[in-house]
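Q: One-letter residues, chain by chain:
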Amino acid sequence: MDISPFFFYLFAITAVACSLLVVLKKNPVSSAFSLVLVFFAFAGIYAILDAHLIAALQVFVYAGAIMVLFIFVIMLLNADTPSFDMGRSHLAVRIGGGALCALLFAAFVYAFKNSISMPTPGAFTPASVEAAGGNTQVLSELLFSEYILPFELTSVLLLAAIVGAVAIAKRKLSGDQMAPAAKGRA
Amino acid sequence: MLTQVEPWVVLSFCALIFFIGFAGVLVRRNILIILMSIELMLNAVNLTFVTFSKQLQSMGGQMSVFFIITVAAAESAVGLGLVIAMFRTLRSVDTDEIQMLRE
Chain P
909 MDISPFFFYL FAITAVACSL LVVLKKNPVS SAFSLVLVFF AFAGIYAILD
959 AHLIAALQVF VYAGAIMVLF IFVIMLLNAD TPSFDMGRSH LAVRIGGGAL
1009 CALLFAAFVY AFKNSISMPT PGAFTPASVE AAGGNTQVLS ELLFSEYILP
1059 FELTSVLLLA AIVGAVAIAK RKLSGDQMAP AAKGRA
Chain L
309 MLTQVEPWVV LSFCALIFFI GFAGVLVRRN ILIILMSIEL MLNAVNLTFV
359 TFSKQLQSMG GQMSVFFIIT VAAAESAVGL GLVIAMFRTL RSVDTDEIQM
409 LRE
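The listed protein sequences correspond, in order, to chains P and L. For the working numbering, add 908 to where a residue sits in the first sequence, where the first one is 1. For the working numbering, add 308 to where a residue sits in the second sequence, where the first one is 1.
Bound-form chain P, shown alone (with noise of 0.2 Å):
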């Protein structure tokens, strides 16, 4: 592929370490902030493999509103209860799960590795893209002609996802009647 490098490698190194950072530290907000120097990594490899319009929708929708939601619920939650300073998991599940990933993984790179790709190349080379008006203008065009149908349904997605959020995390009648018994319990 004919891309960089040195980019590559640097943004790939910046976000696996970043991502390991994610899982393996205690406190969820320093979690947080790991995530977005993914997000910020993962925009770079985008614009680097030439989806500009995804590398800027990344920085906007990932590093933007939904770390800034993230963190709003950490700060909300009180990260400084005891109830975040719960112990480590089993064992068993920790080595298990590690085995497992790292086994899928290997099969993975496996499969990357040897499977015979004979990419028969589609019309939208990068000089095509060019003579088009770029990757935004290509992106846009197809998305209000051939994908306008999961377009308008995507518009119905986010209404129903706003109106169950609020409906969920309310304070309602039976939450404060489900409280005593969870009290009860503890």
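Warning: the hint list may mix true and false statements.
[What the hints assert, rightly or not] Distance condition first, Cα-Cα at most 25 Å in a straight line; then the derived DMTMM-like pairs of lysine to aspartate or glutamate:
no., chain 1, residue 1, chain 2, residue 2
1, P, Lys-934, L, Glu-405
2, P, Lys-934, L, Asp-404
3, P, Lys-1078, L, Glu-383
4, P, Lys-934, L, Glu-314
5, P, Lys-1021, P, Asp-910
6, P, Lys-933, L, Asp-404
7, P, Lys-934, L, Glu-383
8, P, Lys-1078, L, Asp-402
9, P, Lys-933, L, Asp-402
10, P, Lys-933, L, Glu-405
11, P, Lys-933, L, Glu-383
12, P, Lys-1078, L, Asp-404
13, P, Lys-1078, L, Glu-405
14, P, Lys-1021, P, Asp-958
15, P, Lys-1021, L, Glu-314
Everything labelled a hint here was simulated from the structure, so no lab data went into it. Computed from a predicted structure; not experimentally measured.
Fit chain L to the supplied structure of chain P, relying on the hints for placement.
A: What follows is chain L alone, placed relative to chain P:
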């Protein structure tokens, strides 16, 4: 020195990030970290789509990523709403505390 990045290296990098996220879902007990690991897995899949889009010179992959990002935003909004509801009921974010159906 490395002068070229082979496609399988990029795809293996995506798989590595995916399985780091998968390990996080399996091993961690804090539900916020589990949600963050799910975001990691979604990002790894997005990067796989973009890599194939570049390799096959097709725009379908980038189109899919556009919709996956939207669905991920909706998913994290609802997921964090559930976390807040769980914290209000149980006073904890530990997934081992969710055992009301067992009693």
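Q: Next step is simple, just say for each hint if it's right about the structure.
A: Hints and how they fare:
Note on Lys-934(P) and Glu-405(L): the hinted pairing holds, with a Cα-Cα distance of about 18 Å set against a maximum of 25 Å. About 16 Å separates the Cα atoms of Lys-934(P) and Asp-404(L), which keeps this hinted pair within 25 Å; it holds. As the CA atoms of Lys-1078(P) and Glu-383(L) are separated by approximately 17 Å, the hinted pair is consistent with the 25 Å bound. Note on Lys-934(P) and Glu-314(L): the hinted pairing is violated, with a Cα-Cα distance of about 36 Å set against a maximum of 25 Å.
Between Lys-1021(P) and Asp-910(P), the direct Cα distance comes to roughly 18 Å. Compliance with the 25 Å bound is thereby established for this hinted pair. Straight-line distance between C-alpha atoms of Lys-933(P) and Asp-404(L) comes to about 19 Å, which keeps the hinted pair within the 25 Å bound. The hinted pair formed by Lys-934(P) and Glu-383(L) meets the criterion: a straight-line CA distance of about 24 Å does not exceed 25 Å. Our distance criterion of 25 Å between C-alpha atoms is met by Lys-1078(P) and Asp-402(L), whose separation comes to about 21 Å.
The suggested pairing of Lys-933(P) with Asp-402(L) holds, with an alpha-carbon distance near 15 Å, which does not exceed 25 Å. Under the criterion of a C-alpha separation no larger than 25 Å, the hint pairing Lys-933(P) with Glu-405(L) is consistent with the structure, at around 21 Å. At roughly 23 Å between alpha-carbon atoms, Lys-933(P) and Glu-383(L) fall within 25 Å of each other, so this suggested pair holds. Pair hint Lys-1078(P) plus Asp-404(L) holds up; C-alpha atoms about 24 Å apart against a cutoff of 25 Å.
At most 25 Å may separate the alpha-carbon atoms for a hinted pair to count; Lys-1078(P) and Glu-405(L) meet this at roughly 21 Å. Between Lys-1021(P) and Asp-958(P) the alpha-carbon distance is near 23 Å, which keeps this suggested pair within the 25 Å criterion. Taking the CA atoms of Lys-1021(P) and Glu-314(L), the gap is about 9 Å. The hint holds against a cut of 25 Å.
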